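S.K.: The lines below spell out each chain.
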Amino acid sequence: MIKDRRATGTMFGFDFQVNAAIFLMLENIRELQSIRLEGEEDIDINLEGNRKIIAQAKSVVRSSDDFSNVRANLKKALETLSEADSKINPEKLIYITNSLNPFKDEESRKIFYGPTKRSFSDLPVSAQNIIKEYLNKINTPLNAKKLYVYFFPFETDDDEERYKVVVDKIRRFLLQLNIADTVSEIKLHNIWNSEIFRSGVKKDKSAYLKKKNIIWPIIVIETDINNIKEDDVMDGLGIDIGIYEEIAEIYKNLINSSCERFEFLTKVLYDYNLFCSRGKSSKSHIKFIDTHWEKYKDEFSMDNMNSELTENLTKIIMYNIIRRMRSIKKIKEGTNL
Amino acid sequence: MMFEYIRIKEGLFQKKFDFVAKTNLVFSERNSRGKTSLLRFLLYSIGYNIPSTKGFRFDICSTETGIRTKKGLIVLRRQNNDFITADFNGVKKTYILPDQASYLHSIIFESNNKNILENILGVIYTDQEKGWTLLNRGTVIGNIHFNIEELLRGLSDCDCDDLLDKEKELSRELSKCRQMLKVAEYREKYAAEINSLVLDTEEEKQAAEINRLSLLLKSLKEELKRIDDNISDNKRFKEYVANLKILVKSPDGSVFPLSENDISGLEESIDLLVAKRKMLAAKIKSLYDRIAEKEKKYVRDEEDKTLFKMENILETIDKKIATLPISSSVIKSEIHKTEARLKEIRQAISSKTMSDSRLINSLYGNMVKYATELGVGSNKSLSPKYLFTSNLKELTGAVLHKLVFSFRLAYLIELEKKLGLKLPIILDSPSGKEIDAENMKIMMNILRRDFSDNQIIIASIYDDFFSDFNKIEIFNRLIE
Chain H
1 MIKDRRATGT
11 MFGFDFQVNA
21 AIFLMLENIR
31 ELQSIRLEGE
41 EDIDINLEGN
51 RKIIAQAKSV
61 VRSSDDFSNV
71 RANLKKALET
81 LSEADSKINP
91 EKLIYITNSL
101 NPFKDEESRK
111 IFYGPTKRSF
121 SDLPVSAQNI
131 IKEYLNKINT
141 PLNAKKLYVY
151 FFPFETDDDE
161 ERYKVVVDKI
171 RRFLLQLNIA
181 DTVSEIKLHN
191 IWNSEIFRSG
201 VKKDKSAYLK
211 KKNIIWPIIV
221 IETDINNIKE
231 DDVMDGLGID
241 IGIYEEIAEI
251 YKNLINSSCE
261 RFEFLTKVLY
271 DYNLFCSRGK
281 SSKSHIKFID
291 THWEKYKDEF
301 SMDNMNSELT
311 ENLTKIIMYN
321 IIRRMRSIKK
331 IKEGTNL
Chain U
1 MMFEYIRIKE
11 GLFQKKFDFV
21 AKTNLVFSER
31 NSRGKTSLLR
41 FLLYSIGYNI
51 PSTKGFRFDI
61 CSTETGIRTK
71 KGLIVLRRQN
81 NDFITADFNG
91 VKKTYILPDQ
101 ASYLHSIIFE
111 SNNKNILENI
121 LGVIYTDQEK
131 GWTLLNRGTV
141 IGNIHFNIEE
151 LLRGLSDCDC
161 DDLLDKEKEL
171 SRELSKCRQM
181 LKVAEYREKY
191 AAEINSLVLD
201 TEEEKQAAEI
211 NRLSLLLKSL
221 KEELKRIDDN
231 ISDNKRFKEY
241 VANLKILVKS
251 PDGSVFPLSE
261 NDISGLEESI
271 DLLVAKRKML
281 AAKIKSLYDR
291 IAEKEKKYVR
301 DEEDKTLFKM
311 ENILETIDKK
321 IATLPISSSV
331 IKSEIHKTEA
341 RLKEIRQAIS
351 SKTMSDSRLI
361 NSLYGNMVKY
371 ATELGVGSNK
381 SLSPKYLFTS
391 NLKELTGAVL
401 HKLVFSFRLA
411 YLIELEKKLG
421 LKLPIILDSP
431 SGKEIDAENM
441 KIMMNILRRD
451 FSDNQIIIAS
461 IYDDFFSDFN
471 KIEIFNRLIE
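Going down the list, the sequences are from chains H and U.
Going by my numbering, the first sequence runs without a break in its numbering and finishes at 337.
Going by my numbering, the second sequence runs without a break in its numbering and finishes at 480.
Note that these hints are calculated values from the structure, not bench results.
Quantities reported herein were computed from a predicted structural model and do not represent experimental measurements.
Glycine included, every Cβ here is placed at the ideal spot set by N, Cα and C.
Among the hints, erroneous ones may be present.
[What the hints assert, rightly or not] In silico PhoX-like pairs for lysine-lysine, Cα to Cα no more than 20 Å straight-line:
1) U:K283 - H:K187
2) U:K235 - H:K212
3) U:K15 - U:K471
4) H:K252 - U:K15
5) U:K278 - U:K235
6) H:K210 - U:K278
7) U:K285 - H:K187
8) U:K15 - H:K267
9) H:K212 - U:K278
[What the hints assert, rightly or not] Not close to chain H: a few residues of chain U, all C-beta gaps over 10 Å, as computed:
10) R212
11) F237
12) A242
13) L244
14) S259
15) K278
[As the list claims (entries may be wrong)] From chain U, some residues computed to sit far from chain H (all C-beta separations above 10 Å):
16) V20
17) N80
18) L117
19) S171
20) K205
21) D233
22) N234
23) N361
Next comes chain H alone, as it looks inside the complex (with noise of 0.2 Å):
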């Protein structure tokens, strides 16, 4: 997790604005090429087709009880959205906030409570009327028919509570993905928040965080060797999951190896292709793996190996090697990479 949590506004505002991206990306995850941070507030979201989201992420550390800045936020938030609204012409021009009363208005505070997006138009008339009187004193005013203010709670300096909606919104994105089972969302908003977002920022302000890599390290946790499903492995392996474990413990040198080596797993590949070529199935892998193992066991038999070792070891690398595949094609699908 973040080793420096002080509440501090700088630090806390700038782990908002990660995490408003995050929000957002997941929200545009099929269109998305790129994603850019800038500064401590500007998050620029590119999709396909040349299309462009700008956001102004603003944050109050005490968000459900300090409103005092939440006007000038806003007031800032317009004008450089309006800026980059006569420069840019993005598709979208989004406020997001953690504010539980981003307008200081009585009226419309009771719509933020859980995580919301509104258009301009949607939004209750005494805070457009806010918008509008801010946008009146701007010389190139914003507009406002592609204006959304957007809002999640984000507050305390308990990672959970923090971090609860950004993490549900990631097992959701999961679920989609049909694979919540294997890949922990709290460990992707680890990668994400920690890693991915911070790196590409830290090094170059101006550099565009690719779909790529957003979407391998899922990948990368997805097909770990020791992230399987314990049917697959013992209705399909025959394998004891004791025993997967086991083998995976002793040789995952060699099992990541032969599923790393292109060289060595494109003939797996192969073979299976072939096969699947004849009529596929659910369990076509099972079945491949099962008729086709003793091709392949001896890359993997060394001196002082039983045979029923060197049979589960070969079976296991295949099936991490079949899986890999599947894995990436699904991932790759779902998230339109």
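Following the hints, complete the assembly by docking chain U onto the known chain H.
M.R.: Here is chain U on its own, set in the frame of chain H:
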């Protein structure tokens, strides 16, 4: 093979000694005149690493020895410990000692078998000091040893090198385990004394944590290397395919060039590895930072402690041993396992060694024959197993002496059968300390009767047991 002469030069002095084909007696009335030295010189002069006798430095003498083999006379010249020259049929060859001694000996004794060459000396030469207690295993002289199992393997052309290597390896492991057991037992004793095996000082916890993290770091770095290697492999494969410049026929009949991007799954396998590598590198960096932080803290704490000099070095060692994760019961079981494997290997070696039963029976037969003649055993009291006995403690001086004689002759008979030539018998003080005149007569009788074709060289202060011999008398000093 026999010795014809030896010329020994010491500084300005030199002397030549001639030998006959039959019995030679190196005689002096008094002790310590140089008889043993002469015998040892004979062996030194043909390339063996023989230690000098007291008061006589072999390596500053030079020797010239003529030995007669089936092929003719070989003249060997040696001036120091480092090399020896052999003149044979007009051809002169130099051998570096001790490395090439076996090449020279393989020519002299006409055999290339390592086991035979290493054990010949133990058969033909009996040293005054150690020789008469060397029954079947031990030191012949200096660092030259004799071993009956090796000799048997040589005589039966048996190759146990793999098993022998394994045996050595296991013995080493066993000895290591035994050392570790000592440490483990000490640790347990110490722990019992301080009543606790739990690391309860802060610094020990810190050190243990740093160790744990360092091990983790090591394994992550190994993983990183593996990933890097596989990335390179895959990229190389990509290049290779591109360079093949292949045109592919597609199902619709059109032809297109096979580019590296057309290989299904190749780009993805590289992408996956690159992503994995990035994640791993981040993990490693964060681990480095954690370790560095902990080490800084640990060093600071250590520095604070030395200010107080609370522990002396023994206490420190004891504490460190207490932190070692070794348990004597685990090591004991490992020792048992290794001992069992070692036993297996040794049994395998033994059965291979003894596989030639004809050879063993013949060896036994001759040994018993001479032992019976000398009155130290019979085929009832001695079984073939006795050839391999290690129990020498129960044998008294005279009995052992006579048994050694019997064994030695039995070895000689088999060795000569194998080599197809006669060997000299070199005995230093066969009367020893314990042998009475009667037994001496019997021993000499045996030699005269059964080994009349062998050259015999004996050193003794007695000359009344011999008839018809070449007497080499040494009066005051060997070289005068």
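S.K.: Checked against the structure, which of the hints given earlier come out wrong?
M.R.: 4, 8, 11, 15, 21 and 22
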